[in-house]
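Chemist: Chains as they are written, first to last, in the numbering used here: chain A, 1 to 586; chain B, 1 to 128; chain C, 1 to 247.
It cannot be assumed that every hint is accurate.
[To be verified] Computed list of lysine to any residue pairs in SDA-like fashion (alpha-carbon distance at most 25 Å, straight line):
(1) A:K346 with A:G260
(2) C:K117 with A:Q96
(3) A:K323 with B:Q97
Calculated from the structure, these hints are not laboratory results.
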Amino acid sequence: MEIIKTDVAIVGAGGAGLRAAIALAEADPKLRIALVSKVYPMRSHTCAAEGGAAGVIKSDDSLDLHFNDTVGGGDWLCDQDAVEYFINEAPKELIQLEHWGCPWSREPNGSVAVRPFGGMKIKRTWFAADKSGFHILHTLFQTSLKYPSIQRFDEYYVTDLLVDDGRCQGFTALEIRSGEMRQFQAGAVIIAAGGAGRMFPFTTNGAIKTGDGMALAYRAGAPLKDMEFVQYHPTGLPNNGILLTEGCRGEGGILLNKHGRRYLQDYGMGPETPVGQPVLKTMELGPRDRLSQSFWHEQQKGNTVSTRWGDCVLLDMRHLGEKKINERLPFVRDLSISYLGMDPVKEPIPIRPVVHYCMGGIHTDIKAATPLPGLFAAGECACVSINGANRLGSNSLTELLVFGRRAALSAIDHLQSGLPASKDAVLAAQAQDSAGRIQALFDKNGGTESISGLRSEMMHTMEEGAGIYRTGEGLAATCEKLAELRQRYAGIEIHDKSRVYNTDLMQALELGSMLDCAEAAAVGARDRQESRGAHQRLDFTARDDQKFLKHSLAYYHPKEPARIEYLDVVITKSQPGVRDYSGAKK
Amino acid sequence: MSRKPYIREISKTNWFFSQPRYMRYMAREVTCIFILVYTILLVFALKNLAQGPEAYAEFLEALNSPLGILFNLAALVAAVYHSTSWFNVTPQAMPIQRGEEFVPGNIIVGAHYGGWVVISLIVLFLGV
Amino acid sequence: MSERQIQLEVLRYNPETDSEPRFQTYSVPCLNEWVVLDALNYVKDNLDTTLSYRWSCHMAVCGSCGMMVNGEPKLACKAFIHEYGDQIRVEPLANFPIERDLVTVVEDFIAKLASVKPYLIPKEDKPVSAGEFKQTPAQLLTFKQYTLCINCMLCYAACPQYGLVPEFIGPAAIALAHRYNQDSRDGGRDERQEVIASHEGVWECSFVGACSEVCPKHVDPAGALQQVKVASTIDWYKEHLMPWVKK
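Generate the whole structure from the sequences, applying the supplied hints.
Modeler: Written out as structure tokens, the structure reads:
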């Protein structure tokens, strides 16, 4: 097996991975950097983010306000030292991106423009029309081409971490185009491989978001943190889950039920604000968890609109006018017309909540380090945690920049800590084992399970048991089902026996990753007997700070369900309080 | 090595039949031939003119033949097609930005047509 | 929801068993609102797990699923079934080698993209602590359109010139260079011109215009290339006829 020796190897080449790679290359041009991804960098799902990236820049804003919005938005499950670091670094990172050419939208005087976003008290979301993630990703990718020391390995699927001597020393990866295995040796490994939204049937996430990075770390012994917190974005197209950015509401779009009522006022986010004059942090600019939960209640009450794609509410943007929609939300208009046949300039768009983001992920500290020495993580796959129980829109694009860079700096520190020489023979043996597992999949005939069948059962049980509202009973059933599916996974067969670009094999591996992530999420949710942020229990409706002002840590076991431990939340200056998104608040 | 990328050969001689838009492109390019021949014809006209009125009259007579008229008509059609196809793409090749908007394409195209008419009128006026 | 049975003809190629590509037809029950990608996913999940193709976002922004649909370069996620008859033919993107089934080898494009220095080469150095570069909405508008390229390579599949002359740097890469050249913050035009104003650059383009016709994001690479031609012609005249005028 070919061995590729590097100083730092990065898994994932989306926003966080690219940012990490650039930070490494800038810090020391002599570092050998391997940027390994199962897709070409510009295919990474960062490209689908629309609304923008939060960072304090305007004179009416302050770091404290961003801190308070983030911590309250996360229902006090955020680590406050991490949030503080994050908001401090945020503006620098966004300016850095501007210096690299990101086409941020501008004010008439040439300074960067900001837009309102849900749960934010001040306008602080930098945006590039409604393709912010796309522009961030392409700016980073194009900038990365400047650095010859960043060696890319596009379309390589990382299969296992190599761990010896108590530290992570690399990984094995499958070169998808040839089907050959490679061993990557690295002083430090950064995982930046995105979330796992594909474990649900209805999601804004692209096909590649299968939790591979999370599962890699998880199986190697690093715990997954707060996996029970899954964000539903309130405004997705009902037929295929395509995201319509929160920017729609930031620019003044309103949500209506079938009676034409702005129903959010009935869920603690009123009183009603004038149409076309959005007021920050109330009504349509409430946080995503609250908005998605309001939808659920409206559905229970029969106030939703029945469409052939199921129950919906309406996102009305008509009053914004064609000019503003074309300038600020051109992609939203294009997507609505193309995929739904409806023009937001002319009619309200039916929408419903859709799985969007994993607040949880690989447990890291404030320096992006996981408990496994030599292993770092950043972006959606990681959980620092700055997002707590509910991420505010536009914090995640900034997060991948701030912690992508942070992970790179930590990796350098780790390299400089005087690492003992790695034992090639041990790593080679591990790599052979890993290759053997892939070979076994090829060799196996007469499977009893289909990949798509198991996948759809997994999605179904996640939606049933671990959706917007959950019950102990439903979660227990989901946990049981997932345990069963993990067992049955052993019965799958790869029908495609070709080595070259074998997507049958890819899907099998991805399903394995998703099942592990899904189980961690479901077990975490079952055991968290309270309601907080995006985790809402019908049998435990209140937040319980006594018992659960804690992060959950899920530890992997190959056969048993995840083992859950708890870790105290870091609280520095904001004691848990009431999340008030009513317009009447002080 | 199990990889063996397959390369689909493209015909060097008749690739443009594979797509209507390639045919349109080739039609535009072919019009050049008429314009080339017409230019050569003009050079001959000058040469004959320099040789005296008799030679020039002979040249004009040759042009008056059915073949000459047919060629002139064909060259006219070709020139019009070539010119208009160029006019229509000028907004792409030479966009004009005024502040926060681009000048609409039809104004740029229209200006070209306008210029064409004006020049044609001048030539006509000088000719008559 | 209206349902339709379509015959999906897919070009298959397995390098380990096939000497050349062949068509395979699948009968797929489709909803009228589906896109071709949905039909392919149906095949993959229900009929034939060995079919390989790239896809991810399903919203025309990641650029993965470019392929020929009835001979036209299209994003499979934006090729609507209702725009086609009951017979739909799907092939890998033209002008690229076929790796496997609908998957092409795209290394050439990636290398060309990197060759044009597609990153900001700032006019002036400015530390992050000094804040952002100012750029008015009008200055942004000048190049904005050319930032919208998703690297889906449909333009390369449509460009006959790229098919005939593989050295041609091609539409998307040159349009991206033009994007940075037009950026008010950039000072790297001279460096990029060396690459894109060369023979393999814009002068290989004969303005067929197919690239812009198939571009799913309306980037208009053909326009960008003609603008580069005009600008580099002006450069040439300045250099040779008016050497005393600085560029």
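Chemist: Given the hinted pair K346 (chain A) and G260 (chain A), is their Cα-Cα distance within 25 Å?
Modeler: Within the cut-off at roughly 16 Å; holds.
Chemist: Is the straight-line distance between the alpha-carbon of K323 (chain A) and that of Q97 (chain B) 25 Å or less?
Modeler: Holds, because 18 Å separates the two Cα atoms, which is no more than 25 Å.
Chemist: Can the restraint linking K117 (chain C) and Q96 (chain A) be considered satisfied, given a maximum Cα separation of 25 Å?
Modeler: holds (19 Å)
Going through the hint list in order, the structure satisfies each hint without exception.
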